[in-house]
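Model the placement of chains B, C, D, E and F on the given structure of chain A, informed by the hints.
These protein sequence lines map, in sequence, to chains A, B, C, D, E and F.
Count along the first sequence from 1, add 117, and you get the number used in this note's numbering.
Count along the second sequence from 1, add 117, and you get the number used in this note's numbering.
Count along the third sequence from 1, add 117, and you get the number used in this note's numbering.
Count along the fourth sequence from 1, add 4, and you get the number used in this note's numbering.
Count along the fifth sequence from 1, add 4, and you get the number used in this note's numbering.
Count along the sixth sequence from 1, add 4, and you get the number used in this note's numbering.
Calculated directly from the structure, the hints in this document are not laboratory data.
All C-beta atoms, glycine included, are put in the ideal place defined by N, C-alpha and C.
There may be inaccurate statements among the hints.
[To be verified] Calculated lysine-lysine pairs in the DSS-like style (CA-CA distance at most 25 Å, straight line):
#, chain 1, residue 1, chain 2, residue 2
1, A, K239, B, K237
2, D, K16, B, K354
3, B, K239, A, K237
4, A, K376, D, K56
5, C, K164, E, K249
6, A, K121, A, K164
7, C, K164, A, K237
8, A, K280, B, K237
9, F, K188, C, K237
10, B, K287, C, K239
11, F, K12, C, K237
12, A, K239, B, K287
13, D, K12, B, K231
14, B, K280, C, K280
15, A, K226, A, K280
16, A, K226, E, K188
17, E, K12, A, K239
18, B, K309, D, K163
19, B, K273, F, K97
20, A, K273, A, K370
21, F, K177, F, K97
[Unchecked claim] Some chain F residues well away from chain B (every beta-carbon gap over 12 Å; in silico):
#, residue
22, I25
23, K56
24, K58
25, R104
26, A154
[What the hints assert, rightly or not] These stretches of chain D come out as covered by chain B in the derived footprint (C-beta under 8 Å, 3 or more residues):
#, segment
27, 24-37
28, 205-213
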Amino acid sequence: MEQKTVVDLVTKGKRIDERGLESYRPIQIQVGLIEKANGSAQVYLGKSKVLAGIKIETGEPFPDTPEEGVLTVNAELVPLASPSFEMGPPSEAAIELSRVVDRGIRESKAIDLKSLVIQKGKKVQVVYVDVYVLDHDGNLIDAASMAALAALANSKVAKMEMKGDEVIEKGGHHQLPLNNHPVAVTFAKIDKTIVVDPSLEEEQVMSARLTVTIDKNGHLCAMQKGGLYGFIPDELKRAVNLAVAKAAENRAKVMAAAKG
Amino acid sequence: MEQKTVVDLVTKGKRIDERGLESYRPIQIQVGLIEKANGSAQVYLGKSKVLAGIKIETGEPFPDTPEEGVLTVNAELVPLASPSFEMGPPSEAAIELSRVVDRGIRESKAIDLKSLVIQKGKKVQVVYVDVYVLDHDGNLIDAASMAALAALANSKVAKMEMKGDEVIEKGGHHQLPLNNHPVAVTFAKIDKTIVVDPSLEEEQVMSARLTVTIDKNGHLCAMQKGGLYGFIPDELKRAVNLAVAKAAENRAKVMAAAKG
Amino acid sequence: MEQKTVVDLVTKGKRIDERGLESYRPIQIQVGLIEKANGSAQVYLGKSKVLAGIKIETGEPFPDTPEEGVLTVNAELVPLASPSFEMGPPSEAAIELSRVVDRGIRESKAIDLKSLVIQKGKKVQVVYVDVYVLDHDGNLIDAASMAALAALANSKVAKMEMKGDEVIEKGGHHQLPLNNHPVAVTFAKIDKTIVVDPSLEEEQVMSARLTVTIDKNGHLCAMQKGGLYGFIPDELKRAVNLAVAKAAENRAKVMAAAKG
Amino acid sequence: MNKLPEPKQPEKLIDEKGLRIDGRRLDQLRPLKLEVGLLDKADGSAYIEQGKNKILVAVYGPREAHPKHIAMPERAVIRCRYHMAPFSVDERKSPAPSRREMELSKVIRESLEPVVLTDLYPRTTIDVFIEVLQSDGGSRCAGITAASLALADAGIPMKELVAACAVGKIQGKMALDLSDAEDKYGDADLPVALVPNMGLVTLLQMDGNLTTAEFEQGLSMAMEACKTIHSMQRETLKKKYATIKDAVEEREEPEIVA
Amino acid sequence: MNKLPEPKQPEKLIDEKGLRIDGRRLDQLRPLKLEVGLLDKADGSAYIEQGKNKILVAVYGPREAHPKHIAMPERAVIRCRYHMAPFSVDERKSPAPSRREMELSKVIRESLEPVVLTDLYPRTTIDVFIEVLQSDGGSRCAGITAASLALADAGIPMKELVAACAVGKIQGKMALDLSDAEDKYGDADLPVALVPNMGLVTLLQMDGNLTTAEFEQGLSMAMEACKTIHSMQRETLKKKYATIKDAVEEREEPEIVA
Amino acid sequence: MNKLPEPKQPEKLIDEKGLRIDGRRLDQLRPLKLEVGLLDKADGSAYIEQGKNKILVAVYGPREAHPKHIAMPERAVIRCRYHMAPFSVDERKSPAPSRREMELSKVIRESLEPVVLTDLYPRTTIDVFIEVLQSDGGSRCAGITAASLALADAGIPMKELVAACAVGKIQGKMALDLSDAEDKYGDADLPVALVPNMGLVTLLQMDGNLTTAEFEQGLSMAMEACKTIHSMQRETLKKKYATIKDAVEEREEPEIVA
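In isolation and in its complexed conformation, chain A is listed as follows (with noise of 0.2 Å):
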């Protein structure tokens, strides 16, 4: 990859593998391949390819808000998908991502933490919502954001109830309620250029990174800058303002893929 052609070219308007400044790789998703998940979703944006599985359990609320069920995002950059990823602990881009898909599902209230509650301050549903990143080429903020989606869609929950001590099933399932469908866009300045969806050779010359992250009302649930620059405050306007738009097409997209 010559890093200079990349950059030339983005300074013309150009990208290296020919899409438009505000254009998205080619998108695809599935959803439902892991059975023994209560949801899962692959997405492939371009070449960079997340798998995300939900996970309902039984289990405790926190001490702090007894009425409420819990939601856990994680996410793991595994050495398989990449050779600048390592074994061991989560890495430092590992918890950004993971923080970033949850701030979205969680600020947008996709979940409703309250329906999770089995008895109050005992026992609550947990929904674990595990991000696998399988192939990095770029831009895993956005592919994970619309993964965890399609997973959440897709998911069923059991029926629970108390009986004495302990929680039973009641039997039969019903869809897990989403409230709202937050999609993450995000951005990337190479030189002095706003591109959306950067992919890796691209991430490799940005000097900053934007993360907007859009509910299903066009509002904002999260951002997140990263990188090693900064944005002046008219990219960051511009940027919001066409993260609106790209959500929405992208929402659509992984919406239709979640109802099969």
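Coordinates of chains B, C, D, E and F only, in the frame set by chain A:
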């Protein structure tokens, strides 16, 4: 040590310590050395030395087996025992050792886990088998397997009952009932020859290792192949049959020592 | 810093900062800086600076002491405080520091652990003493010991009671009762001379270190020898007697500051 | 504890016709699907579906050893990680490696070592990453089958492909390639890896209860199955190379024509 | 679970006069106190109080990279640790770094990088240690404000000081510099770091719910506040150097006279 | 929580005749057994039984430092690990090192350093591994006594052997070498290590409650006991060398005769 010598001898049907190919080094077993343990045994296998201690404590069952007690086997390759053992979390070798010993005990149903329940789903007895390697001169699996069996056969359990919410001792002890007596027999492949009970010198030149654990009925209850090469089917069949005979001999020694 | 100078001066009965051999550096104590803590105190010992914060929370007793609350002392040598402190799990030095401070408080019975029980065997108050080193210019043990004592003397506890299964606040607070006021006094052996309250420069040339913790009755409640050399019995006896006097002086300062 | 009801214990594992709960005969493999070369970043990759097992394997290397002190002067070091995704099993698994995963990583590595020509690449590492996306009994064997394809896909010189398959005992009979439920309620499990032409068994583990005769029968069944799988592995690689050849030829033709 | 009663949810976050629970206007900063150079061992240090936040920052470096392999041949590596004391929050926090602390350490480092002339010190590290002694909403921003002073105090060449401040939404209105209670019961939080003269936003995070218009309003409010804080930072450094200059001149005068 | 009933609190720790629960006088040591050279792989080893303490010590070194960066250019680095077997105490102990074990490892190392001629072996490590197989009060002291024998057995040059013993206070009186129950229900514990001929105290810790007079009395009692133990240590080494010498001479005699 001359690696070549060890191999040369073996190809001539001899061994560096003058044993036969199918002979064990001398086995010495002492039980009850650790008064604070429920049971204990020290095994010398040649110059290898392994101490096993049993602790039986009150704990909780696993959620998916509410009607069973808990068996936990752990092995420590403490750096006191060999210049090749390091401080820190358990190595791959320590984990393999503990898991092979564990499988022998668990799969032969040596301990009746159901008999360890104090109150179903709430309180059970937990049997900790801790294998402590003190001197590493080869074939730790067999030494550990015999030490664990002797220590279990040497173990006493306090009688427990529930009183309200609490577990209390009824007073008195009984022998931990053992339904089976699994014994591991390990082979090494050196050049094209199979020897039993490899010493450290032999382990350093072996191409592959095979452990066969035999229960008191002469049945197989665990196997584990190790090392960077493999076995042909005939070697495996011969080893399995030889293991049955060798296990019977060693079991007799262990159970005799355990009775005191 | 000239190591030789420090030693030379000491052998002449002088110190590099012009103190006497048996003199402490200036001690300044402020309490209550951390409003979110139950109690807090910051101690300057010369240029060494240590902050201690107390948190008192509801928790469970240890199974073997169902009728006692819990005392936990932790010390953090955060890398902000010295170029020699590193990130990561607590170092040997941090563990020793916390354990010596812990022993002083625990062995002098400064806190009546029995008074911390809310419901026997189920719910107790847990007293966390967190020692935070902010600037390391030597003799952290004495600075930490005084900071911990001042913070405890500054602590308020919410009144708690059981209501059914739950612990609730009755409303109101009271002063954490302190039965004793342990103070650590640390000596360094430099060449053949014993000095009190070693600075960092002195610690770097000392051959051994001795801490003597004295309670309010003038009794010893903890001792700790450190460093790669030793003490002769006469040195120990002199140090112990001097510690009684020095502890009384410092205790007066701490308790005066704690009252505000 | 679990979200979807776990499979209940079936009344019988073998019916009166001698068929198993999923309708298979005792000596029948589960449906098997193999693919190679599906990951972009890895030097080699393979994917296996065997029953409900879904396993992805990537190979990186030979590459510079990192950290350096693990390098060996006279050969490549193979490293292997068998790892399960948190959602791959009935009850969510912590992503931190368990003791079981560490043991399996070791024996899988030792099952692959005999065929890799490690002495061609001194001072390097060859990394084999096995990710179990869904687990269904026999995942270590499926992992080996796929790992050996991924090594081939990475162009690592090997004497031969390693194939693996487990045999078990259910209701007192030896049965090939146990599924999750059969493994859970069965009497023994015997995973085997074979280098068919060398006739070399490079993985062998066992737990449960077997007579020596049952062991011998099981070993033969497993070896036969490994040979079948071996053919499928070779077929998979052939198809891949044919596709590449076609692609290359297609692309090259115009040039030749021009 | 907690020792002292946590702040209860107030009935309203803004009263009929448009004032907040602590009496501030919507565009008003909390009381802010800045100090530099208070640690003896660190190469540079700073302290900030902003509301009840009490944060101490030390800078060490440029110094030899340790471990060596993290060094970069063409520039200094900035490392940053944002860490909370166990007693800094309502419920005691374990001293082991949490995932939140690890994320904030990353974004804070990335907010400082753009101003530090790292290429002057190849092969070294510059370590920024931020210790939150008491936390009260907006601690990451307060940490950045103090960190940039500590870098200046350490004599690290920078293009300009970075200033940071959060804006939030409470009761449907954008409000500057949220306190703990406002953060907890408010609707959104938007922390911003600004390099004022370059006009560069180097930290930007958001959580909650904002329209694009609210975002733009919030961004402007935050940038204005950053400029105010920037003046205070410069003032603080000036005072420090004046003090040093005075001290030096006082000491030097006799010599000159003599 | 425990398997076998723990020792109950005895009614009195000293009876009317001035004897302790195990029948000892106040100034009497528990039965003490010392052995050296019992491990095959270690460079030196020793075993001690003191009361119910059963402790094994191995010494490795001087050997190449690993990892290298811990080596010191002008002397050997002594490393020490005091570690308890999971079954060594009443309630099973996790094998991961506790904070107590880490502290004791440090003070034990510092008690041995003063006698070892570390400057003879620059750039190496000398590793002392103390494994407590059964613990019964005073295990750190027993560990030091054995460690110093193991160092001698490894042929590490030392100025002198270190001996160690604790003194405690029970029922208001100073008593030598407390057992578990005395330690648990007693009033103070004062472990001491002594280099007898140098008159140097190299380990000193204390917890409980002592007047300065009690401390001085206790220190004297401990030092006397250390001297006794020192003689036993020397005796043990002598016997060992005598045995070796005999063995050598026996073997050599025929040669000389021949």
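Hints and how they fare:
At roughly 21 Å between alpha-carbon atoms, A/K239 and B/K237 fall within 25 Å of each other, so this suggested pair holds. At roughly 31 Å between alpha-carbon atoms, D/K16 and B/K354 are farther apart than 25 Å, so this suggested pair is violated. Annotation: proposed proximity of B/K239 to A/K237 holds, straight-line Cα distance about 22 Å (limit 25 Å). For the suggested pair A/K376 and D/K56, the alpha carbons sit about 23 Å apart, so the restraint of at most 25 Å is met.
With a C-alpha separation of about 23 Å, the suggested pair C/K164 and E/K249 falls inside the 25 Å cut-off, and the hint holds. For the given pair, A/K121 sits about 22 Å from A/K164 by alpha-carbon distance, which is consistent with the 25 Å threshold. Between C/K164 and A/K237, the direct Cα distance comes to roughly 52 Å. Violation of the 25 Å bound is thereby established for this hinted pair. A threshold of 25 Å between alpha carbons decides the hint, and for A/K280 with B/K237 the separation of about 16 Å falls inside it, so the pair holds.
Restraint check: the Cα-Cα separation between F/K188 and C/K237 comes to about 22 Å, which is no more than 25 Å; the hinted pair holds. Our distance criterion of 25 Å between C-alpha atoms is met by B/K287 and C/K239, whose separation comes to about 23 Å. Using a Cα cut-off of 25 Å, the hinted pair F/K12 and C/K237 holds, with the two alpha carbons roughly 20 Å apart. Straight-line distance between C-alpha atoms of A/K239 and B/K287 comes to about 33 Å, which puts the hinted pair past the 25 Å bound.
At roughly 20 Å between alpha-carbon atoms, D/K12 and B/K231 fall within 25 Å of each other, so this suggested pair holds. For a cut-off of 25 Å, the pair hint linking B/K280 to C/K280 stands: about 24 Å separates their Cα positions. Our distance criterion of 25 Å between C-alpha atoms is broken by A/K226 and A/K280, whose separation comes to about 30 Å. Straight-line distance between C-alpha atoms of A/K226 and E/K188 comes to about 15 Å, which keeps the hinted pair within the 25 Å bound.
The straight-line distance between the Cα atoms of E/K12 and A/K239 is roughly 23 Å, inside the 25 Å bound, and the hint therefore holds. Restraint check: the Cα-Cα separation between B/K309 and D/K163 comes to about 19 Å, which is no more than 25 Å; the hinted pair holds. Distance check on the hinted pair: B/K273 and F/K97 sit about 19 Å apart at the alpha-carbon level, within 25 Å; holds. In summary, the hint linking A/K273 to A/K370 is supported, as the alpha carbons are separated by about 20 Å, within the 25 Å threshold.
For the hint pairing F/K177 with F/K97, the CA-to-CA distance comes to about 32 Å; that exceeds 25 Å, so the pair is violated. F/I25, annotated as away from the interface, keeps every beta carbon of chain B farther than 12 Å; the closest lies near 16 Å. At roughly 6 Å from the closest C-beta of chain B, the C-beta of F/K56 falls inside 12 Å, breaking its exclusion from the interface. Listed as outside the interface, F/K58 is inconsistent with that label: its C-beta sits roughly 7 Å from the nearest C-beta of chain B, within the 12 Å cut-off.
The non-interface label for F/R104 is consistent with chain B: the shortest C-beta to C-beta separation is roughly 17 Å, beyond 12 Å. Not every CB of chain B lies more than 12 Å from the CB of F/A154, the least distance being 10 Å, so the non-interface label is violated. Here's how the segment 24-37 of chain D fares: 0 of its residues keep a CB closer than 8 Å to some CB of chain B, so the rule of at least three is not met and the hint is violated. Counting residues of the segment 205-213 of chain D whose CB falls under 8 Å from any CB of chain B gives 9; the rule of at least 3 is met.
When held up to the earlier numbered hints, the structure conflicts with 2, 7, 12, 15, 21, 23, 24, 26 and 27 and fits the remainder.
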